[in-house]
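Asks: One letter stands for each residue in the lines below.
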Amino acid sequence: MTDLPTSPFPAFLVGLPVLLATLSLFFRARGKAVVGLAGSLLTGVMALFALFEVTRRGTVIHILGGWEPPLGILLRMDPLAAVFIGMTAVVGIFISLYAWRYFRAQEATTGGFPLFWPLWLFLWAGLNGLFLSNDLFNLFVTLEVIGISAVALAVLSGKKTALVAGLRYLLVAITGSMAYLFGVALIYGSTGTLDLGLLGQVLEPGTTTTFALLVITLGLMIKMAGFPFHFWLPPAHSSALAPVSALLSALVVKGAFYILLRLWMEVFGVSLTYAAGQLIGLAGAIAVIWGSWQAFMQTSLKLIVAHSSVAQLGYLLMIFPLLILAPGVTADSADWLSPAWTAGVYQVIAHAFAKASFFLSAGIIIMALGHDRIESLRDLVGHMRITALAIAIAGVSLIGLPPSGGFMAKWMLLKGIFLSGQWWWAPVVLTGSLLTAGYVFMLLRLAFAPAREKEAFRPVPRSLEVCALVLALGSFLIVLPADNLIQFLQSGEVFGTGIESIMEGGAHGND
Amino acid sequence: MTIHELITVILLVVGCFFFLAGTLGVLRFPDLFSRLHALTKADNLGLGFIAAGMAVYIASPWAALKIFFIWLFTLLASSTSCYLIARFQKEQEQTKNGKEGE
Amino acid sequence: MSVLIDGLLAILAIYLALQSLLAPRLIKSVFLFFAFGLALALAWVRLGAVDVAITEAAIASGFLGVLFLDALRDFSPAFPAKQKNPEAAHNVLVKNNTKSLLLSRIPLGLGLGLFLLIALEAVWKTPEGGGLTAAAEAFLPESGVEHPVTAVLLNFRAYDTWLEIGVILMGLLAIFAVGGIKVYRKPNMAAQDPMLRQVIMFFTPVLFLFGAFLLYFGKTGPGGAFQAAVLWGAIGILLHLGGKSIIEEIPRWLRQLILTVGILFFLVLGFLFVAGGNALFEYPRAYAGLLILIIETLAAISIAAALTAIFANLNQMKEDPNETESIN
Amino acid sequence: METYQIYNLTSAVLFVIGIGGVFAARHFIRKIIATIIMGGGVFLSFVSFAERDALTFADPVPHALVITGIVVAVASAAFALALARRIYQLTGEESFTNDK
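Chains as they are written, first to last, in the numbering used here: chain X, 1 to 511; chain W, 1 to 102; chain C, 1 to 328; chain Z, 1 to 100.
Where hints are given, some of them may not hold.
[Stated by the list, open to error] No more than 27 Å apart at the CA atoms, straight line, and that leaves these computed lysine-lysine pairs for BS3-like:
#1 C/K219 to W/K90
#2 W/K96 to C/K244
#3 C/K28 to W/K66
#4 W/K41 to C/K244
#5 C/K28 to W/K96
#6 W/K66 to W/K90
#7 W/K66 to W/K96
[To be verified] Here are a few chain X residues that sit away from chain C, every Cβ distance over 12 Å (derived from the structure):
#8 T209
#9 L272
#10 M297
#11 K415
Just so you know, the hints here were simulated from the structure itself, not pulled from any lab data.
All residues carry an ideal CB built from backbone N, CA and C; glycine is no exception.
Same shape as in the complex, but just chain X:
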């Protein structure tokens, strides 16, 4: 592992946002926002450069302090990490631009929430650190950085509902981290290393490993709001300020999924069983149905979008049963692996764009109407054409209609499901899409319906609407480089050494 090319980019990806966040503390309200926006743009651009570096040079590493694992910590930027970092950068840049304008517009009444900027930059540093980290304990620290900054952002409005939801979110997040850390303690005790690459080689199956897998998986499921631990997500995401809701649902929950994916594939390969995969898939399936149904039943826009997150995260869990091979199946014959895990990555990206756009649109509507009850969305098209368009496009991607990123994800998932013979997941995917179509079309029907009475739509800055629209379009544009992206993802040792053989077998599955 340590013979890979080194690069300073990983260090800057974590260091720069922290540097800028700390510097912004020296300024007062408006100055914080200026430094914060500049910092976000700088971090985003640098992340894209780093992504470019990885496409050019392949996986790069950064050996922190010059101490190689197992004693030291290694940052590794492989194609998967690079894709997640790139996604964070693009979504982050547009949310930052939106936040700048959004808070400026409300500065007179709210003070403009200057604390948003340092907290968001810390959150960004935590996310980059998480995607780059190759060390179990360091992952815990980055999870905590993300957890504290995310909750702090969620309660920024100071409203009662946000505070209560925030406290619940925080307690759940701490519980999840501690459960994860207990697993880490047991793994360290039984192997004497924390480095993911080394663990993939030395971890042996046994009671302790299985228990560690259990608590780590439970802890991360809690953090990514997987069923049945989804209860904290809708109140927390729906009560936050609009740009914050977008950040929380588009990026923060993906962090825990990313660790789960890496650990299951790279580290715990030895003790995964078919049953474990089916169980986590079942949790995902229930989340898809339950979340979509709940979203359908809500009457305020932000709650619909928040419940829809629970469902969309369920799809992510549903790729796990496909990635675990039944006894007797060799990796060479398992041609569904590639579509299955591509589906996961596509679902993450498509959901990030679509959901960010959805929440930003909801923020615009709240700004215009003062509330987000959906019956007031009548004649949205007549008043705010761009926002209505953004909601429509993002909604289509959430449903999974072609040619959106969401379609690509669900298509790959179905392909994987049928190739693997685990046909019982297919009805779940279809039902989830139907229910999603239900609430999205309900919104669109209202948006196109003629107004019953004059709703007072206050004017909203055009640039806000454009930000939402660009992100919505992004959920379609990501389909264009699909071939390149998949090739890029498979160019590196995607899942390290642990699953190398499986990925080699799966590489032909993609035509």
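Given chain X, put chains W, C and Z in place with the hints provided.
Replies: For chains W, C and Z alone, coordinates are given in the frame of chain X:
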């Protein structure tokens, strides 16, 4: 057992006795002030005996000085906190009595 | 004999943990939590982890316990009761329905019991991984310090420590984000109380000296930035309670500088190494000891300031009757 | 039984007590205390492995991890406490009202 160790054991036992008495007092005394009395007086004395026992056991003047400082700091901290708790309680009682008197 | 002591200590810790969750009165919970922290600190000493013991006693039991105690002023019934909202009052009634409560707890209890059995088996059967003692021992001479824990914290895994300093700063920012903090107002306890003032005057230099001692000797023995920071933070808290809040009374830029200097210096130094072609936090071997001492000193100052500010802000989080209406 | 095994078993017990407390305790402060107890269990596990793996000194890596972990846990708990106090100030609620 040398005389040295004998003195240590005696000092420790006496210290433990005072601790025990202090704890009993906290558990059994009726009101806050007498409990504080038991806690600070008996426990500080107990700690003093235990500290002295340890100092005799280690038998190095430098260590004895450190142990003495430990005892001193604990004494200061516990008497201050005892004083503050008592003052707080007294103020509470006074305001309560004042209200009832109106 | 040693098994007996450890066994008793373990039972004591478990008992205190249970009691601090089950005690009927909140104040009792908090005091039992203090005791739990001290029992754990003793356990760390028994396990030979003196650094951890100091950290546990100082931060987890001491600092956090003080925060809990301070919070009791809000929650404690001894203080003027607030008008509870009807929903909450109704909820209290529902809660008192113990029978349904007990029934709802049975599945939880069974689940936890089962989970405990699996957990006990898992920890009992943990294979001997061997740890990283040998690796740490081998590289200790190159780390610039003689105490292995300090070497891991400030050199081998300096990245984690740097992030952690950031987490404390973020904790302070997060408390600002919660809102409800009024403009700084001098508590005037010391003004009325000569004894408290004398004690603060006595303890301030002593705590400062002891903190400096822990910081400097972290190089060779137990101690270091975090332990020193808590002692210095205690000075700040004492002074705040005594009516002299150093962290609030200095100019804003200086306060921000003190709060951030630890993380900033650490990071900028790291960036300099990167610019020089090394990795982040890769100290030149010859200067490692000196650089670590400077980093630790600055980090301790920042953490102490952050802890003081966290306490001061929580302490001043008082209710404002006018605000309840304006928010919501 | 070795010393480290006693504490290792204790760590599992404390961890489970903490989890139970987070879910079953009602008052905010008790929930926060429960997270710290959970953390105490986890850290005890780390340190007991460090004692087991001692050569000339105990394994310093878990010690360092635990110091980091304690500080991180305390920062989170302080934040949770701030939220709890603020909620109480605004609403008079001391526990989540929609808990069953």
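Asks: If a hint holds in the structure, say so; if it does not, say that too.
Replies: We went through each hint and held it up to the structure:
no. : hint            : in the structure
1   : C/K219 to W/K90 : 48 Å, violated
2   : W/K96 to C/K244 : 30 Å, violated
3   : C/K28 to W/K66  : 33 Å, violated
4   : W/K41 to C/K244 : 31 Å, violated
5   : C/K28 to W/K96  : 23 Å, holds
6   : W/K66 to W/K90  : 36 Å, violated
7   : W/K66 to W/K96  : 45 Å, violated
8   : T209            : 9 Å, violated
9   : L272            : 17 Å, holds
10  : M297            : 23 Å, holds
11  : K415            : 37 Å, holds
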